[in-house]
Structure formats: C-alpha cells, structure tokens
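Novice: The primary structure of each chain is shown beneath.
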Amino acid sequence: MKHTEKDSPGYWQENIKILTILMSIWFIVSFLLGIVFVDQLDNIRFAGFKLGFWISQQGAIFIYVLLVYVYLKAMDKLDKKYKLNDEN
Amino acid sequence: MSIQVMTYLFVGITFLLYISIAIKSRASSTSDFYIAGAHVPPLANGLATAADWMSAASFISMAGIISFMGRDGSVYLMGWTGGYVLLAMLIAPYLRDFGKFTVPDFIGERYYSQTARMVALLCAIFVSFTYVAGQMRGVGIVFSRFLEVDINLGVLIGMTIVFFYAVLGGMKGITYTQVAQYCVMIFAFMVPAIFISLLMTGSVIPQVGFGSELNPEYGGGYLLDRLDGLNQELGFAAYTESIRSKLDVFFITAALMFGTAGLPHVIIRFFTVPNVRAARKSALYALIFIAILYTTAPTIAAFARTNLINTVSNVEYSAMPEWFKTWEATNLISFEDKNNDGRIQYLADPETNELTVDRDIIVLANPEIAQLPNWVIALVAAGGLAAALSTAAGLLLVISSSISHDLLKSNLMPNISEKKELLSARIAIFFAVCIAGYFGMNPPGFVAEVVAFAFGLASSSFFPAIVLGIFYKRMNKEGAISGMLVGIIFTASYIIYYTFINPAADNAEGWWLGISPEGIGTLGTILNFFTAFVVCYFTSAPPEEVQAMVEDIRVPG
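Protein chains in written order, with our numbering: chain A, -6 to 81; chain B, 37 to 593.
Rather than coming from a laboratory, the hints here were simulated on the basis of the structure.
Predicted model only: the values in this text are computed from it and were never measured.
Be aware that one or more of the hints could be misleading.
Using 27 Å as the maximum straight-line C-alpha spacing, the simulated DSSO-like pairs for lysine-lysine come out as follows [said to hold, decoys possible]: (1) 361/B / 374/B; (2) 76/A / 509/B; (3) 509/B / 70/A; (4) -1/A / 509/B; (5) 73/A / 136/B.
Okay, chain A solo, but in the shape it has when bound (with noise of 0.2 Å):
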C-alpha cells in the first residue's frame, strides 16, 4: 500500500524541521565559516593549520558526513514514530 502525507499528518513538517537544521548548518559551515569570515578564522591557530583554510579543506567534509549520518538516523527515528517502514 502506498503511503501518503494524508495517512501520517505531522510527518512532513517534522521532517521539514530537520532539513532546516541540518541545512543551516550546511550552510553557515559552507559559506559563512568556509568562506565569508574564513580570514577572521584564520588568526585562530592549531597544529599546523590555520583554522579557516583547515575548514575550507578538510572540516568542511568533515561536518557534511556527520550531517548525512544525523539525518539518516533522525529521519529513521521520524519513520518509526509515524511507523511507516519500506523495508519489505
């Protein structure tokens, strides 16, 4: 049977919540961090690395992978609240 967002209210704009966390952080990691005040960043020192060229090369990456994985479990966590599973 197909699901659709009348059978489960609430579930689209739960999910709709995530993706405006999870995309305000990609963007504020992306484009304010990574680009707008990287210079402001850079003072900050670590290792080797200034801290707004580290994020411009590798944090970045970084935080999008644990944004991909906070998804996935949010959303699974949404699914079995609403108990919509596809698995079969």
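Place chain B on chain A using the hints.
Specialist: Same frame as chain A, but now just chain B:
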C-alpha cells in the same frame, strides 16, 4: 620488474576483473538495464555512487589544481562534496520513492508535460556528453603516458571495455564494476599519499601530516608554513592566502554545489536501491567514500608542491632526476634556460620563470618525485583508468536510457515491447560509446570550458525543477518550464559570451558584478527559482493527481 611491465600487469588484472563481473551480471529486463532491478544493497550502491561521482578530473587533476591554486582550490573541495549533502537530503530519498527510471521521467510526470520531459532530456544528454568526452580523453592520456601506447589506441581500448560491460549488463553490470573500480581507485590514490606523508612528516595519516612538522631533511617547521614561505620566496601568493574575490568564491562554490546535486548520472544511482531508507543509507556510505579521497587530495597538493619546489628550484638542470626527463618527453613539464645559467628558476614572474608544469603532474608523477617504489607508480595508472571508466559508464547509461526510455518508449513509440526497448537501449549505448570515443580522440579545443558549462546547466535547470517539484506542491508546469528555460538561457549566454564571443573580457574587471563564468550558474539558479515562482503565481495549480503524487513521494512506503 620494470615500471612498464608492472603497469601492464596491474591494468590487465583490473580489466580482467571488470570483464568477468560483466559476464556475471547480464541484464535480462529493462528494469535490470536501467536501474539494476532496484536490488542493489546500500553499501554496494554507496561504493558505486562514489566511483560514478569521482571522475578522471577528481582523480588526476583535482589535487594538481589545488596545488597551484592553494587556498582558492577550496571551491572544488567544498563545492563538490557540499553539493552531495543537497543531493542526499533534498533529492535522493524522494526520487527513490517516486521509483521510476530516469530524471526526465520525474520532470515529465511531475510537470505533466512532454515539453518538460523533452527539455530535461536535452539537458541530460548535453550534460552527459560533455562529461563523457573528458573521461575518454582521460583514458587515452593515462594509456599514452604510462604505457606508451598511442593516445587514440588508448581511447579505443577504453571504449571496448566500457562497451563490453555497459551493453551486456546495463546498470547491473555498471554497478558491480563501479564497486570494483572504487576499490582500485581509492587504493591507488591513498597508497602514494600515505607514503609521501610518512616520508615528509612521519605521519601515517595524510590528513594529520597536513598539519604536522616536516622532517628535518625537508626543511623542518610546519608543512603549510614552509609552503607559504617557499611560495613567497618565488614570488607566488602564500599558499594559504586567497587571491580571488570572496563574492566570486561564494558564487563558484554554490554553482558547483547546485550543479553536483543536479547531475543526472548520480541521481539515477539512487533509483537502483530497494527502498527509501536504503537510498538515505547509501547516500551516507557514498559521502564517506568520497570524503576519503576529497580530504586526501588537498594533502597531496601541499606535499607534492613542497617536494616539487625543493627538488627543482635553483637546481642545475643536468642534476635533475630521471622522472624529470620522462615527463619532459610528454610535455607535462618543460624547461627553457632563459638566463643560460644551467639552473632551473621556477618563479611567479612569467618573464624570468623557466619551468612550465602541467597540473596533472602532481598526481601522475607524484610517486616518482617522492621516489616511491615502482609498484606504486604502476598502481596510479590503474587507478586513473578506474576513475575515468566508472564515470564514463554511468554517463553513457544516462544517454542510452534518455533515448530508449524517454524518447522512444514515453514519446515516439509508446507501444514498443520490452524486448525491443531493451534492444534499443543497447543500440543507443553502442552509438553513445562511439560518439564519446570520437570526442575522446578529437577533443574539441574547449573541453575545460565546456565542463563549466555542464555544471552551470545542471545547476540552473535540473536543481530548481527537482527541488520545487518535491517541496512546493503548488508548482505547475508553466512555472517549472519557464524557470528552466530562463535559467539555462541566462547561464548559457553568459558562458558563451565570455568563452567564445569576447574572451578578452574574461577577467575580474570584465565580469558582470565580478562573477566569473564558473560561478554564474548560481545566479542562473536563483533566476530559475524566481521566474518559476512568479509564473506559477499567475497560472493555475497543477491537477489533483499530480498533487497527490507529490504527497506520496514525501512519505516513504
């Protein structure tokens, strides 16, 4: 064993592997051919997506580009991986729930219009051909440089291999060869990176070595500080400083992200898994596998540049190691003794600089420059071929399914039998391989520009149409089609103007608002969204059944 014998051996073994996979995974239905029967487990799809996604450019050229651009190379790192986040969260799970075969399928049904389907089909074919020509060229280059085969013969060999498993197995064959190709590719990329990191900083993990102190024989001090210093001594900007304007960097990064999320050959990989959860899961796996290569590339860039400068700068030409001569023969590196002192001056100033280095040398010659064992050098050839072939196969499938499924089955000949559709898909892939091979042998002089074009087009056409189709139920065909057309025409005209009509103005002063043609796709995307909303506001809502379809794809199951 000589390097060449070993290279033949490695390339031969990997090719045999791909062929035997192809024989084992023949396609027997159109569903097998287009989407591997939707039976691919998430882990396998993650590996295949990573290989599909990372092209010859990611493997061969990216580290080199970063090596010469320094800080500004970040646009590619963030752009190509950040776009993947958009794909994983905003596109892949919903299109999987939609559960059809191609991207034009989705556009056509969501916007209840054959016109929309045709626009999408043309974009898909254009984007894919642009890309595939570059991949075939990559295959030819690897063959000619490592195996001393004629470049055209190299392209021909590559074509034969792809042809074999793509025609036999379609998506099914492509998927499992891509899994093998990812393994070959990542091994070939990581081994030299680990070696060079160990050699220069004593750290086994290149990402750690990147921020570590150099061993005394390489000059000591932190790697990046040392590199900043070397760059400045020679008149270049410091490695960790940016030259481009922030606005342009912002726009290029966004254009690469939106473009990446709209690439049809990557999107269709998510049609191959059994359900929505598997689509989300394989997106995570794929990003992890991609991140391994993408976080390593900038480390190779920094290590190799330091090493290169140390080896050549102000050293006598006659004292150059053997690799210098071999790569000179391929024109990837050239030396002109302008002041006749017999030493190599590598400087930023073009008047006094005596050394020209092609960016591809950073990955291809890195193992030799770092004096790594012969088998590592041979491995790089097999890795480059794996990267190019895996992407080429994915693109060829998009072209073939666009023609046999979207053009024939959905449009011209709706009554075609499944058997005939499968046959026409195979014939289409055959012709696509031939055309791609032709462009590989006779590359149009503007390959690099055309790639910017492909990203700009994908971002200004597909990305908004797909995202609006999922997240905005009220979006209708009038809005979507006019948005796509405005986005494409704007972006295409801007790029064509600066690359073909008035290339003299292609610089920061000449650009409109200071945005380079590479970054203009972002503006095209914004215009697309804006036009779509305005037109949609003044026209009628989509029919009930289309709205019901949107409600359906928003919820798994």
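Novice: Going through the earlier hints one by one, which of them does the structure break, listed in rising order?
Specialist: none
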